[in-house]
Amino acid sequence: MGAAKQQAGRFFEDFKLGDRLVHATPRTLTEGDRALYTALYGSRFALFSSDEFAREVGLPESPVEDLAVFHVGFGKTVPDVSLNAVANLGYAECRFHQPAFVGDTIRTESDVIGLRETSKGDAGVVWVRSTAMNQLGETVADWVRWVLVRKRDAASPAPEASAPTLKEAVAAEDLIVPSDLDLSRGDTRLAGAPHVWGDYEVGESLDHVDGVTLEEAEHMMATRLWQNTAKVHFDRNARPDGKRLIYGGHIISHARALSFNGLANAQMIAALNGGAHANPAFAGDTVYARSEVLDKAETASAGVGALRLRLVAVKNVPADAVALRGEDGKYSPEVLLDLDYWALIAK
Amino acid sequence: MGAAKQQAGRFFEDFKLGDRLVHATPRTLTEGDRALYTALYGSRFALFSSDEFAREVGLPESPVEDLAVFHVGFGKTVPDVSLNAVANLGYAECRFHQPAFVGDTIRTESDVIGLRETSKGDAGVVWVRSTAMNQLGETVADWVRWVLVRKRDAASPAPEASAPTLKEAVAAEDLIVPSDLDLSRGDTRLAGAPHVWGDYEVGESLDHVDGVTLEEAEHMMATRLWQNTAKVHFDRNARPDGKRLIYGGHIISHARALSFNGLANAQMIAALNGGAHANPAFAGDTVYARSEVLDKAETASAGVGALRLRLVAVKNVPADAVALRGEDGKYSPEVLLDLDYWALIAK
Amino acid sequence: MGAAKQQAGRFFEDFKLGDRLVHATPRTLTEGDRALYTALYGSRFALFSSDEFAREVGLPESPVEDLAVFHVGFGKTVPDVSLNAVANLGYAECRFHQPAFVGDTIRTESDVIGLRETSKGDAGVVWVRSTAMNQLGETVADWVRWVLVRKRDAASPAPEASAPTLKEAVAAEDLIVPSDLDLSRGDTRLAGAPHVWGDYEVGESLDHVDGVTLEEAEHMMATRLWQNTAKVHFDRNARPDGKRLIYGGHIISHARALSFNGLANAQMIAALNGGAHANPAFAGDTVYARSEVLDKAETASAGVGALRLRLVAVKNVPADAVALRGEDGKYSPEVLLDLDYWALIAK
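Residue numbers (this note's numbering), protein chains in the order written: chain A, 8 to 354; chain B, 8 to 354; chain C, 8 to 354.
These are calculated hints, taken from the structure and not from any lab test.
Be aware that a few hints might be false.
The list that follows gives simulated cross-link-like pairs (lysine-lysine, DSS-like), each with its CA atoms no further than 25 Å apart [what the hints assert, rightly or not]:
| no. | chain 1 | residue 1 | chain 2 | residue 2 |
| --- | --- | --- | --- | --- |
| 1 | B | Lys174 | A | Lys250 |
| 2 | C | Lys174 | C | Lys337 |
| 3 | B | Lys354 | B | Lys158 |
| 4 | B | Lys337 | B | Lys174 |
| 5 | A | Lys337 | A | Lys174 |
| 6 | C | Lys23 | C | Lys127 |
| 7 | C | Lys337 | C | Lys127 |
| 8 | C | Lys250 | A | Lys250 |
| 9 | C | Lys250 | B | Lys250 |
Based on the sequences and whatever the hints tell you, model everything.
Given below as structure tokens:
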């Protein structure tokens with residue numbers, strides 16, 4: 008009776024190669040989401056703040072912040088993919104296909120594209136490609152992620168091992184620029200800085216200076232806003248140390264918002280190439296961020312360039328005070344996030 | 008001069024049987040309320056999350072969460088009814104008459120339907136029937152509640168005692184199903200679970216598994232959002248113990264949101280039959296919830312069934328780890344909420 | 008390279024008399040801002056809560072709370088004016104020219120109208136007149152403020168000293184009443200109190216009774232909502248004492264919301280004549296407020312009167328328990344805010 012009605016989540020042996028998972032709770036984006044994103048992260052990119060600025064650069068109105076759309080789409084996959092995950096191992100090939108606007112309804116489906124049992128035999132790696140769609144069925148964003156999932160029964164037989172081949176980064180020519188977008192038409196005074204695509208060099212480093220101290224109420228409100236239900240974020244009794252683990256996406260959004268100070272014209276995210284949540288973050292930690300320019304590319308739009316950036320968030324020390332990795336090759340303990348992404352920037 | 012202009016609230020002798028109280032501050036519902044409700048409670052019922060899902064089941068768009076409408080309507084009564092309340096004794100016969108949507112303006116009026124001085128003579132019980140209306144004057148929800156209110160002057164004469172006869176529960180045939188609502192048309196994959204009306208049995212118990220730790224900033228933001236002004240929620244100096252008492256409605260909303268895990272298709276609340284806030288909740292407490300199916304009924308709509316549910320919220324222990332009442336018949340100290348309500352669920 | 012791209016803020020010698028500063032990040036107001044303002048401050052003025060009430064008194068719909076518009080407009084000036092400020096010295100001559108509504112896009116420009124190097128020569132006072140405009144280029148609000156700004160190089164030459172002449176208060180005849188506004192048409196039961204313009208006397212004092220304890224998550228969400236980036240509000244490492252300083256505007260908004268209890272019909276702010284943030288506020292402090300009627304005036308609208316009010320916020324003691332200033336003429340240590348403003352009130 009009762010016991011069967013709660014979501015226990017899928018175990019490793021519940022995933023079959025080629026399965027299509029239809030995730031619950033479609034979500035209509037509202038003006039409230041826009042305001043809450045600003046209240047939670049203080050984002051200042053003009054494109055996501057002003058309808059007028061958005062129209063000047065070719066969009067019909069200001070879209071919902073790209074990371075908010077990603078968090079909403081991602082959150083829907085948690086109950087079906089990672090409720091029994093031992094570890095979130097990585098993500099790759101995330102592309103934003105088109106902006107989402109207030110009134111759009113986002114839902115997500117995932118294809119199981121890889122399975123590999125661990126040598127120990129009590130868990131396995133599951134790869135899924137997830138697609139967030141709007142109410143017209145058009146893709147808004149898609150991405151691959153892979154997680155280590157427990158087996159319900161360690162004795163159950165292993166599936167044939169199959170792992171997808173993933174790109175190390177989305178190729179510049181595969182980046183999707185919204186049609187009619189021309190960031191060069193934006194007033195750089197209103198955008199907040201004069202520096203555009205041509206002013207950045209590969210290898211350049213930027214310390215984003217500002218910091219933000221994390222609060223329980225804020226990370227929980229954010230994570231609930233995306234309807235992400237993983238209990239470690241909300242229940243102080245869920246972990247032995249009594250701490251609530253902060254959703255990795257909360258750190259990404261803070262770091263991206265901090266990066267405005269140095270990258271004001273890098274208005275949109277076109278792709279997430281990959282990332283690692285190197286260490287956990289908890290309330291009371293203070294987040295700082297720095298960026299490194301990994302690559303530059305032209306795009307199909309004459310007024311839009313692309314920067315491939317490594318965005319590093321650290322805790323409790325200035326962003327440039329710590330090496331990404333120690334001599335042992337492991338992330339330094341202060342590193343929270345190592346994110347590789349493509350931004351679209353005015354030319 | 009000045010002293011007369013602040014709201015001191017009504018004392019027991021200020022209430023007259025038959026009085027009609029027009030409460031202040033009508034409130035237009037916005038998309039911001041929808042987003043904040045999600046951020047504060049993480050509600051995942053598809054009907055309140057997706058305009059598309061709402062249209063599939065017969066509504067013009069996604070309504071504002073029913074409990075949010077209740078909190079808004081209820082909050083308006085506080086300055087006139089319970090500012091000098093010693094205790095909130097109970098509520099009954101709450102029915103939701105129609106959904107409210109973004110753009111609707113809610114105001115509340117209350118009729119004094121019962122008065123009874125206490126034997127001690129320094130306070131009295133006041134019963135009011137409150138009606139929350141939209142801008143067309145249509146009833147959105149109504150309910151009865153009764154509170155123990157201090158007298159301004161213990162020597163003032165007692166009114167003739169009069170207590171209304173209240174139903175132990177709203178009868179199934181009195182439940183109002185929104186016209187055109189057919190929850191059976193909703194995709195249960197998008198709703199989050201396959202279990203519909205026919206899958207639940209009277210007497211069945213559901214542990215909702217997940218928990219949420221309470222924060223000062225969250226309960227205060229919620230309570231202010233409903234413009235509920237009772238000072239014990241906001242001012243650490245208002246109680247001798249220096250704690251801010253959490254509004255009971257905050258616990259109801261958390262418990263209802265937690266109940267998604269087991270009751271995903273029970274999308275709407277049709278009636279609140281009664282409830283008790285058995286013990287106070289404070290920031291730092293962690294809330295868990297369980298439900299018991301008390302009754303089942305058909306409704307006027309072929310695709311909509313009704314479940315009468317007892318929703319129990321407890322603090323700091325698993326939801327099923329504690330009896331509702333001890334051997335002395337009193338609520339166990341861990342019990343926060345004992346709520347009896349009717350939900351509408353897909354058939 | 009990198010170092011030049013972050014905002015270091017202007018130093019004293021970077022300001023030239025007559026300069027026009029175009030501030031970054033125009034901001035479209037949303038329904039989410041309205042809801043968050045309610046959630047953060049619990050404002051209950053009917054005009055800002057109900058579209059229906061707003062129409063009854065002559066506006067097309069409920070505007071965005073006037074202080075929210077001020078905070079948005081003000082926040083934009085911080086990166087260009089006060090990032091290197093040693094002290095915010097004052098503001099004056101703030102007038103609200105017209106209400107702003109959901110969908111309006113606010114941007115701000117500032118004129119440098121005064122410069123005076125300190126006698127010590129390592130800093131200087133900068134006066135700016137800032138104008139917040141909507142998308143049509145119409146003025147929504149304007150104000151003067153002056154700040155003490157560090158010099159980059161103490162040896163750089165002093166500019167010719169020039170200080171503007173500022174009015175001690177906006178004259179009653181210069182107050183702008185929105186066209187078609189007639190607050191006397193509002194139902195005072197819905198507004199929350201019967202007391203209108205004629206019921207207040209110059210010299211009258213009002214203790215607003217209620218109090219609110221401040222939280223880190225709330226003041227940070229508020230300050231980010233206004234895209235105000237001053238790091239002392241967000242980063243616990245920014246001050247030697249490890250405390251996050253609460254944005255003065257957060258205190259103004261709390262005090263104004265508390266003042267509803269006594270001033271329910273004083274629906275709108277027409278002007279801020281000046282104010283002092285007498286002492287810092289931190290999370291954990293509890294704010295109380297009192298008002299004094301400084302002056303009364305008729306306005307161009309027959310149904311709208313004006314009250315000049317001194318709004319005083321104090322911390323951790325009842326609002327009337329402490330003198331504004333001690334015998335030494337200095338603000339008492341419990342005083343947070345001393346604000347002189349004009350409110351529009353029903354006649």
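Okay, the hints, checked on the actual structure:
1. With a CA separation close to 45 Å, the supplied pair B/Lys174 and A/Lys250 exceeds the 25 Å bound.
2. With a CA separation close to 22 Å, the supplied pair C/Lys174 and C/Lys337 stays within the 25 Å bound.
3. Only pairs whose Cα atoms come within 25 Å are accepted, and B/Lys354 paired with B/Lys158 is rejected, the gap being roughly 50 Å.
4. Restraint check for B/Lys337 and B/Lys174: the C-alpha separation of about 22 Å stays at or below 25 Å, so the hint holds.
5. A threshold of 25 Å between alpha carbons decides the hint, and for A/Lys337 with A/Lys174 the separation of about 23 Å falls inside it, so the pair holds.
6. Annotation: proposed proximity of C/Lys23 to C/Lys127 holds, straight-line Cα distance about 20 Å (limit 25 Å).
7. A distance of roughly 24 Å separates the Cα atoms of C/Lys337 and C/Lys127; the hinted pair therefore holds under the 25 Å criterion.
8. Only pairs whose Cα atoms come within 25 Å are accepted, and C/Lys250 paired with A/Lys250 is accepted, the gap being roughly 22 Å.
9. For a cut-off of 25 Å, the pair hint linking C/Lys250 to B/Lys250 stands: about 22 Å separates their Cα positions.
Hints 1 and 3 from the list above are not met by this structure, while the remaining hints are.
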